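Peer 1: Residue-level listing of the chains:
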Amino acid sequence: MVHLKVNGSTQAFDGDPDMPLLWYLRDILGFTGTKFGCGMALCGACTVLEDGKAIRSCSTQMKQLEGHEITTIEGVSTHGPHAVQKAWAAVNVPQCGYCQTGQIMQAISLLSSKPHPTDADIDDEMSGNICRCGTYQRIRAAIKEAAKERA
Amino acid sequence: MITLEKTSSTFAVVNVTRRSFLQGALSASAFVLCVAKTPLLAKAAGNVALGSAAPSIEATAFHPSIFLGIQPDGTVLIVAHRTEMGNGVRTSLPRIVADELDADWSRVEVIQGDGDERYGSQDTDGSHSVREFFDTLRETGATARLMLVRAAAQQWGVPEAQCVADPAHVVSHKASNRTIGYGDLAALAAKQPVPKKEELKLKSPSEWRYIGKPAPGYDVTEVCAGKPLFGMDVRVDGMLYAAIAHPPVLGGKVKSVDDSATLKLKGVKQTIPIDPFKPPHHFQPLGGVAVIADNTWSAFKGRDALKIEWDNGAHAVYNSPDYKKQLQETARQPGKVVHKIGDPDAEFSKGGKVLEAEYYAPHLAHASMEPPVAVADVQGEKVTVWSPTQNPQGVQEEVAKKLGLKKENVTCHVTFLGGGFGRKSKPDYAVEAAVLSKTTGKPVKVVWSREDDIKFDYFHSVAAMYIKATVDDKGIPKAWLQRSVFPSIASTFDKDAVYGSDGEMSLGWNVIPFDVPNFRSENGKAVNHVRIGWLRSVANIYHAFAVQSFANELAYAANRDPYDYLLALIGSGHVIDVKQPADVAAKYPYDTARLRHVAQLAADKANWGKKKSGNGWGMGIAVHRSFLTYVASVVEAEVDSSGAVRIPNVYTAVDAGIVANPDMVRSQFQGAAVFGTSIARTGEITATNGVIDQSNFHNYPVARMNDAPVYVDVQIVESSAPPAGVGEPGVPPFVPALCNAIYAATGKRIRELPLTRNGLA
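Here the protein sequences line up with chains A and B, keeping their order. Sequential numbering of the first sequence, starting at 49, is according to the working numbering. Sequential numbering of the second sequence, starting at 394, is according to the working numbering.
Because the hints were derived from the structure by calculation, they are not lab data. Quick caveat, the model's predicted, so the values are computed rather than measured. Positions of the beta carbon are idealized from the N, C-alpha and C atoms, including for glycine. Check each hint, because a few of them may be wrong.
To be verified - Chain A is nowhere near these chain B residues, computed Cβ spacing over 10 Å in every case:
no. : residue
1   : S691
2   : M762
3   : Q973
4   : P974
5   : N1000
Claimed, not checked - Quick list of in silico lysine to aspartate or glutamate cross-link-like pairs, EDC-like style, CA-CA up to 16 Å:
no. : chain 1 : residue 1 : chain 2 : residue 2
6   : B       : K659      : A       : E173
7   : B       : K590      : B       : D528
8   : B       : K596      : B       : D559
9   : B       : K861      : B       : D1033
10  : B       : K1141     : B       : D1033
11  : A       : K134      : B       : E615
12  : B       : K657      : A       : D64
13  : A       : K134      : A       : D62
14  : B       : K659      : A       : E197
15  : B       : K743      : B       : D559
16  : B       : K729      : B       : D715
17  : A       : K134      : A       : E117
18  : B       : K659      : A       : D62
19  : B       : K775      : B       : E751
20  : A       : K111      : A       : E173
With the rest of the complex left out, here is chain B (with noise of 0.2 Å):
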């Protein structure tokens, strides 16, 4: 079973971590970052000219860490193990390292950490990166400052104590008026032994020069350049290009091939089986026949010359109008309960007022700008990828279990992505390369078009919700109940799964953050029929969909301003149980204070309440907390007599305890609006016995430039608590709360999505 939610901050490469402090205990064959063939990956897979060699960690002159080497020359070389899809991780990491270190920003290159276990969890899902590895991160930093100090400390002969690391990159002594760079001290350093963690001084915030300062994308001008850096770009010597024709349904097979017209074309070399995977799917190919060419063109081209008869197998009986009335019907049904308090059904057979109402929202596909993409290299028991992964670790498990090989023999080198948001944490089409690289005995580029990416995805989840309350006679719920029902992300790793997994009820559906003394939250079965995956905040996106546009129904049902209504349902605030592992409890206790003061921050700000709704205008409202981060929007939306909506402004609030860097918090906050408006604009994915029906931006359009939000307003909250995510948490309360502008300027209820199955778009 998996777990959507690793929110454990004690993960293992702090211990990891502190092994590896033991300097001079890296091997030769224990690190090397970057292997000479990497040729035109510049910075992506080393930060280094084109063709040169890559710096690595272990060829540094002091190196305490595995995230951290100094060179002689005083350059401070910090691995970003994460991956970069637009996250800002290799800004955002390395300067909390950076800045324990006291190191000079300006001379820290920034490597790009291949798949190696020993950094810890490598999977850039979740918005996990800065919250799972500031404390590691920060200690790296304050540790390589401390060896610095007491090798400068021993150098002059002169106390520790009167020896500080100052921003210049130097360590001083200001009694003798002494300096000493972090190059020259580098050799010194290197021989001190490594200081316990209980030795290290971190510093307070006051005192953090680039943590929580805003900072530019560390490869922005390189990005701006066009410079070879994402796992498109990657070129090899002896490289063949490959596209595959895919089972159009998931699980079909390959009954006859004529791949004659193929060969016949200029550039393609031959046409390659690829064996359909045994369920569950998991990350397997999804099987078909490849066409091998000496250029990218010439293999799409043969591709769409194969002439190929499938036999569909059983997931041909998808249809997605039917499909939506089984889940609308399960969600009618009593389903499994998945938390309760106190005893709604009691209350509910009270008589009374009830509300309520059933929502929808179909299939989404990722679509990120590349489409998946991967270069694969075997020489006998080795392997070697190039691939824009979100989990690189993945890629060597994946590869190795499909070849037959040692984990260890297979190197990932991650490139940048060109977007993830999901789809890129699965490593399936990096076995596509393997296996052909395998059987070609050539380097082979595995290029998926637009086409595949949309009709083979791993689809974000349909879903059905239906929810009730009995309220008060100031429309307050003194009962809600509330049912989702959706194939699970979980049966892509077991196929016998039905039910939502433990990961998904935790967002946003086991509890709700409003004060209801009985509440039932209950989850029905569903079966899938296409690959079912994580895509930018998850099952979030639905569950917060139906939970806030039924708290601002109940709003106008209490004729009450929706606003003042949703902060009643907060209450005052206090630490809610929301079936948090103790441990994330513990450090992230959820508490609706901070849920009422993002709601508070977002309203004030777009002057809520000061312009009558209706006409074709309105402001709507929504709060969510996402991967531990607390979010408002608060969404403006003009609605023509046509029925096109534009989204004049949005204004957000987010609480996400300190942040590493504003600036890309900021970003990361407005993409997501524009993510959102993608999702209830136009997202949805159907299928036709099997098939999928859409498949490039004409039937699966995204948010342009003219349909996008014009401006979005971000506000941070200043906090000291721990670091919280924020790739993904700005997406779930961007949907309802554009749902509810809708509502407010128009009347009309959105309860399905998209907004195109509404008349408006």
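Chain A with its partners taken away, still in its complex shape (with noise of 0.2 Å):
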């Protein structure tokens, strides 16, 4: 039995322990706004906060979580968008938008962590985010847009 926070909610979970977070999220929770792209911790699409730090829930096993909290897309915007995801449909960056709650997740990590990201640190940090429309320069900019909302 593995014991978690999702969300803010404390959860149990006694099945395969190998299982990653990934689709217990998905298919057990069905908090499906974090996405499978590679399930080999490539591409990012499922990324998600670990404590408020971003990690691919591809490639973490349930059994790594014990006592752990997760925060997916949808507990970073209970009470209205967050600063970031303003900052996303502000400056348009979706196109499919499969990959962008991804990249949202690993946005709202960095800038906790350097709240005035240079173009080095956002290249550094969003690099293992793939977006196969190619809508990086537009992340870019609202990464820089929701920098300056927070400042």
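Work from the hints to combine the two standalone chains into their complex.
Peer 2: This is the structure we're talking about:
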């Protein structure tokens, strides 16, 4: 049995301890905002926060999560859109949108550690998240926009 | 035979729509857009709160068209009948209707159209959506507006001419200072006779409020909130999950299977064999063994535990290095003549300076971020499918064919697509879900892993090209010969097809936009060993790579500036015959003046020629018209001593005629530069003994933020020409422009893609 918190609620999991968090979130809890893209921590579509820091849920097993607190995209916008989500909308970042929840979670993690990231900081932190539509230019602009808003 | 370029502006939908204006004729069964069983797909399947029934056009008080309905509260429902995959159609198409209707965009609800042939083509490929439906959607809005105006005139007993629809979603009568809302008019408007097309007053472009004005995506807030919009997010009560072990080689069959380890796993329910296809593969499932489980992870794990012995079949001979040699050898030999101008052989036989070059571009995989996925629920003779598909009517057809049902018994709800790029025009994965639902008697969700997606794609074709030219003393070609050789998309539909289809030849190969008096294009034979399919801009990718690289080579051979030389090749500008169908040529003549113009715009913005190329810095230029849109790319490249390529800036100029939403157009061209970067830098799929060597993003890398172009400038030409395509045309010129920039920076000519084959990355 694994005990963890997801978006503020306490959960107990007694399934396959090897199951990646991604599938627990999507198939069992129904938090489908966290996306499946590669299953190998190569694309970042599955990014969530573990105790406030970005992790890849597709490669994090349930047995690693005892006592930890997970926040998904559904958990950052319970009281209206997060500043990063607002910036994303203001810049009209998404094309297909599939990767964007992972991008947003990664950006939230970045801004929590570096409130005023440089271009190099943004490249370093965001290059693990693939956007096949190619919205990188707007992602960069939206992160700067969000940083400005939070200043 | 397939037609890649379905550019006919006289598409059936115009008639369909006119018929559908027979208001009141829609029967109760005719048009139920969304069934109640769309529990979690809020907007994708109906734009309603979770769990509640979706609204339908038919249920509105006034629904003069299958695309449009108005509720008594004034809410306007507009159908987006094409697929949203980042192309912005859920915003651009409804706004065309809303503009002519004088609707208030904030009171418009967009409904995703199910598969339904009455919409006309829903196959969202070939950059067709706006250009093919622009007139129809404008007429739809204008018809409804006129009926609302007539209803108001009738209610007030005043002449129709004194009533105007107003941007505030009301009809007003100035003389008596009265206004009435669209919702209040809906019931009376529904009783008006449907006006004839000749009675409609379409707005002049200066009156447009939405067309040509930038707008954010209709769904941007929900997308950023992670709402369940995508095919991957569909959850249906009692649904089972399936992962499929596909034959590693195309056409392979299961010899034996041991599923004992699989069946011991927690969560696994059963395994089900799927029949191999009968050639041609078309959109049929590949066959193999499905593992059914109660969650995705267990299905994947169960699949990994299968022990299968395969009969790999005839395509196990496919080895990319050998195949490459064959293609190149074929390209050196005379091929089938595609088009001829003048007498190139006579010109070549005169002697003089001849230049020749060979180009090669490998297979590519689509790798859309959302792998293929579908949910199907077979209930007796009826099937419901939820799927991210570019081709919902194709889903209906293929599922019906496979299960022996009538097409109208298959309902296809279209979800958002996590990328498509042409992969999701092929409904094989939806057919898999239907087959498994029929077998299990439960709704089944088939989930492809990334490995499935890359290994079992409908691949973009591998191609070899040969070009030669003889030039005058200024380096301008007097004769030009070009041959391309590639396994054709036609092989997906006809197992004996070995030549490129007319459609593929029209994608940048049959004719070039240069003033060359003697010209011949040819195509050589190639046999397919994998499934070949459309990928964003299709054959334009390798054709533009070859032609625009060769033009650049000629410029350097003539010791001329590549941009000046390109303008000289294009000439002063005139209409050229590019073998388009007559109706397309009439509406969309290929005018090289427009090509010249975009080249000038891009070069000017890039400050072409201001900085000297060389020492690891360079600019490259390329132009290409595809999907009726003229595009120029100027790419700036920096190459360091290790061969690492950085792309600081890209300057794109686009003439796509009238554009519906310029911000979306900008997004498409920004994205196309990134897509092109993936193709140029690392895009390569290869096979060993028929098995695809790549499997995930570690060995099929795509551009990330730190290797994508840093800044992509997009200039859109203001135009009153009919709308043209925007989703794909940005890709073809980018690749050669980058390669030309690398040549300018380093003197290294890229004749084979990707850059990783040239010691660059």
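Peer 1: Could you run down the list of hints and mark each one as holding or not?
Peer 2: Going down the list of hints, with the structure as the test:
{"no.": "1", "hint": "S691", "result": "violated, 7 Å"}
{"no.": "2", "hint": "M762", "result": "violated, 4 Å"}
{"no.": "3", "hint": "Q973", "result": "holds, 29 Å"}
{"no.": "4", "hint": "P974", "result": "holds, 31 Å"}
{"no.": "5", "hint": "N1000", "result": "holds, 20 Å"}
{"no.": "6", "hint": "B/K659 / A/E173", "result": "violated, 37 Å"}
{"no.": "7", "hint": "B/K590 / B/D528", "result": "holds, 11 Å"}
{"no.": "8", "hint": "B/K596 / B/D559", "result": "holds, 13 Å"}
{"no.": "9", "hint": "B/K861 / B/D1033", "result": "violated, 32 Å"}
{"no.": "10", "hint": "B/K1141 / B/D1033", "result": "holds, 13 Å"}
{"no.": "11", "hint": "A/K134 / B/E615", "result": "holds, 11 Å"}
{"no.": "12", "hint": "B/K657 / A/D64", "result": "holds, 13 Å"}
{"no.": "13", "hint": "A/K134 / A/D62", "result": "violated, 37 Å"}
{"no.": "14", "hint": "B/K659 / A/E197", "result": "violated, 48 Å"}
{"no.": "15", "hint": "B/K743 / B/D559", "result": "violated, 70 Å"}
{"no.": "16", "hint": "B/K729 / B/D715", "result": "violated, 23 Å"}
{"no.": "17", "hint": "A/K134 / A/E117", "result": "violated, 24 Å"}
{"no.": "18", "hint": "B/K659 / A/D62", "result": "holds, 12 Å"}
{"no.": "19", "hint": "B/K775 / B/E751", "result": "violated, 53 Å"}
{"no.": "20", "hint": "A/K111 / A/E173", "result": "violated, 26 Å"}
Consistency note: the structure conflicts with the earlier hints numbered 1, 2, 6, 9, 13, 14, 15, 16, 17, 19, 20.
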